[in-house]
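*Asks:* Read off the chains here:
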Amino acid sequence: MKNRIILRPLIFLAAAGLLLQAGCQRTEKGKVVIGFSQVTVKEPWRVVFNENLRIKAAEYNDRVEVIFLDADDKTENQVEHIKAFIAKRVDAILISPKEASGCSRAIQEATEAGIPVIVLDRDVTYKGYAAYVGADNERIGEAAGEEAVRILGGPGKARGKIYEICGSLASTPGQERRDGFHQIVGREPGIEILGGLDGDWKLDKAKAIAQDALQLHRDIDILYAHNDPMAYGAWQAAKELGLEKRIRFFGIDGLPQEGCMWVANNILAATFLYPTPGEKGLEIALEIIRGQRKIKPGEKIIIPSTTITRDNVNRFIQSNPDAKSAL
Amino acid sequence: MPPLASRLRSSLNHLAPFMGLISIFLAGAILNQGTFLNLYNQLNVLGRVSIIALPAIGMTLVILAAGIDLSVGSLVSFSSVLCAMLLMEREWSRASVAAILIGTLFLFFVIQGAVRLLLPSGGGLRWLPPVVGCAGAAMACWMSLQVVPAGFSTWMVLLMVPMVGAVLGAVNGLVIAKGKIQPFIVTLGMMSAAVGLAKFIAGKGGQIHAIYYEAAGYVAAGTVGTAPRSFDLLSSKIPLFGIPLLPAAGLFFIAAALLAHFILTRLKFGRYLYAIGGNEETARLSGIDVDKVKIRVYAFSGGLAALAGVLYCAAYTQGKPDAGLTWELDAIAAVVIGGTSLMGGKGSITGTVAGVLIIGYLANILNLQEVPSEVQDILKGVIIVGAVLLQQGIMGKWLRRLFRTRYE
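Note that the protein sequences, when read in sequence, are chains A and B.
So for the first sequence, the numbering used here puts the first residue at 1; every next one is plus one.
So for the second sequence, the numbering used here puts the first residue at 328; every next one is plus one.
It is worth saying that the hints were derived from the structure and are not from the lab.
The structure presented is a predicted model; accordingly, all values stated were derived computationally and were not measured.
Don't take each hint at face value.
[Claimed, not checked] Below are the DSSO-like pairs computed for lysine-lysine, each with C-alpha atoms no more than 30 Å apart in a straight line:
#1 A:K31 to B:K531
#2 B:K507 to A:K205
#3 B:K564 to A:K239
#4 B:K505 to A:K202
#5 A:K56 to B:K707
#6 A:K239 to B:K707
#7 A:K74 to B:K531
Whenever a hint applies, use it, and build me the whole structure from the sequences.
*Replies:* Here it is, written out as structure tokens:
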């Protein structure tokens with residue numbers, strides 16, 4: 001970590017430079033400037049997250065400007081982002097933090113400086129922020145469990161075998177997606193849950209796990225993976241064995257380019273939308289800035305998930321501006 | 328030390344990876360009996376390790392020359408995005424621009440190098456190679472320009488993407504050789520830059536590019552078409568004696584291993600690699616063009632990594648900027664388990680092939696035993712270090728003790 005000493009001021013300068021540019025425009029009357037620190041754009045879900053936020057911000061024409069900063073998966077960078085936002089006195093800060101503790105002090109500083117901070121997706125330990133907006137992974141896991149029970153015969157009568165491929169079990173989303181699912185399915189004596197290996201959210205790892213597991217368990221009814229790419233990888237493995245028709249595949253996230261496409265193309269039986277919190281976060285920030293909303297420190301706003309199946313998938317593909325249906 | 332014991336010792340050290348491979352295979356056969364040994368499972372493992380084996384083979388050559396290539400994982404990511412976009416896009420995209428520009432550059436150097444080889448030495452036709460190079464590259468460029476609206480064919484991505492990878496690898500080599508910077512630092516830079524490039528080309532900060540084949544009920548997005556059916560062959564099993572047997576990726580793995588083995592054992596270039604890895608200064612003083620060898624070996628590594636990206640794309644029907652994340656570490660692990668010294672000068676391709684298979688079989692066996700993931704990670708770490716420990720002459724020491732009474 002010896003490069004941190006050099007990098008930190010550099011990141012600060014870069015962020016400050018970006019802000020300076022934004023600050024010049026801020027002299028325009030009534031223009032709201034909001035700083036947004038995104039932890040990383042390596043994951044496709046976060047790419048969609050940014051895209052949705054960008055579209056939402058564009059709806060306000062020139063009255064709202066959102067400054068997007070990418071922290072490249074490092075907490076230190078996010079702290080520098082917030083410090084730069086404070087120095088520039090933006091109207092509000094949106095942050096999607098890397099983990100619970102790292103950014104807490106900086107968020108506290110911003111809050112004490114009178115800048116409302118909206119925490120997105122992952123919660124932080126400091127609870128004095130203006131609001132938290134996110135989806136609930138445990139509830140999504142429960143929704144997947146309910147769908148599985150429904151398919152396998154309904155509560156009390158459900159019978160079958162489910163194979164589970166976990167996301168990174170060292171991460172809270174992975175744990176919650178498992179716990180929620182087990183909570184519902186565990187009540188059914190007729191259902192057996194197998195597997196539980198760590199696919200690390202990756203398609204290739206999940207495919208390898210499924211290739212091995214399906215040799216041992218050819219008779220599973222549902223394959224539940226903690227995200228869509230892993231479910232797709234498992235489907236590819238099942239296809240090699242000619243099992244892809246009899247097993248139903250469940251994924252999570254429901255991104256237009258991934259999960260929704262796979263549901264539309266009859267690969268996944270269902271995916272469970274993990275909604276991006278950017279739009280709701282921006283709405284709340286603007287309400288606070290305009291004085292339409294009173295800050296209740298530590299308030300949590302949960303955005304609901306949706307079960308996406310063949311019946312409603314077109315709606316989710318079409319909500320993506322550059323997707324069109326060839327059906 | 329008596330010659331027989333010494334010879335035995337060195338050959339045993341050399342054989343350590345294979346003994347590891349054999350023992351892990353036996354362990355699998357005993358633990359999982361039917362499932363592990365059946366053909367389907369064996370082919371699965373071969374197909375799975377084949378893709379990661381390619382960067383490991385390139386890495387072996389680099390490490391033999393006392394270098395390291397941390398950029399292979401990122402080059403896999405970059406080339407998977409490039410490959411997916413070339414196949415799917417039907418309009419000009421960043422991918423086609425990059426591929427055609429960099430591919431043309433590659434052809435220019437290769438063609439002019441080839442012409443130079445053919446020319447009589449000391450002749451006056453020094454202007455000829457660059458001119459022919461320009462002409463050839465321009466022609467190929469013009470031909471590939473025609474392809475863009477129809478999407479690239481399987482053959483074209485198989486040629487162009489590795490060419491682009493080789494050029495990026497050559498950039499590594501160039502900076503290392505001419506800039507006199509440690510390979511670790513230069514390739515660390517390329518590791519970051521190539522992922523950035525992958526995200527830039529992918530657009531929208533790094534979105535996924537999925538591959539679809541024409542099918543009923545297919546839903547298309549944006550400006551994309553469908554991939555040619557022949558591309559699917561790269562992920563399928565090639566029929567032998569009428570039954571689908573050999574995974575196509577396995578063919579590439581075998582071909583690359585044979586090629587690298589041939590280079591190392593039969594070509595001057597291979598001997599130069601060992602010489603540079605043994606002692607760079609001595610190699611330089613004995614007249615080896617060290618810079619040129621370095622540039623070429625990093626280009627080779629980059630090219631193989633890019634080929635792995637194409638195969639990734641076929642196997643998982645997608646290209647994305649995090650496809651090869653941490654693959655460089657797996658490649659290094661395979662090389663090291665295979666008995667190649669990180670100090671350079673010592674090692675072989677056969678060892679790396681064994682190393683790759685050991686890692687693949689280990690994961691397969693543990694999965695079949697339904698061992699929890701965290702335990703798998705621990706075992707993988709133990710095996711990596713244990714394998715190297717064994718090769719550190721410990722086996723030789725035991726052997727010497729065994730033979731001492733007889734020979735001393």
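*Asks:* Hints first: check each against the structure and report whether it holds.
*Replies:* Quick rundown of the hints versus the structure:
no., hint, in the structure
1, A:K31 to B:K531, "holds, 26 Å"
2, B:K507 to A:K205, "violated, 38 Å"
3, B:K564 to A:K239, "holds, 13 Å"
4, B:K505 to A:K202, "violated, 38 Å"
5, A:K56 to B:K707, "violated, 46 Å"
6, A:K239 to B:K707, "holds, 29 Å"
7, A:K74 to B:K531, "holds, 20 Å"
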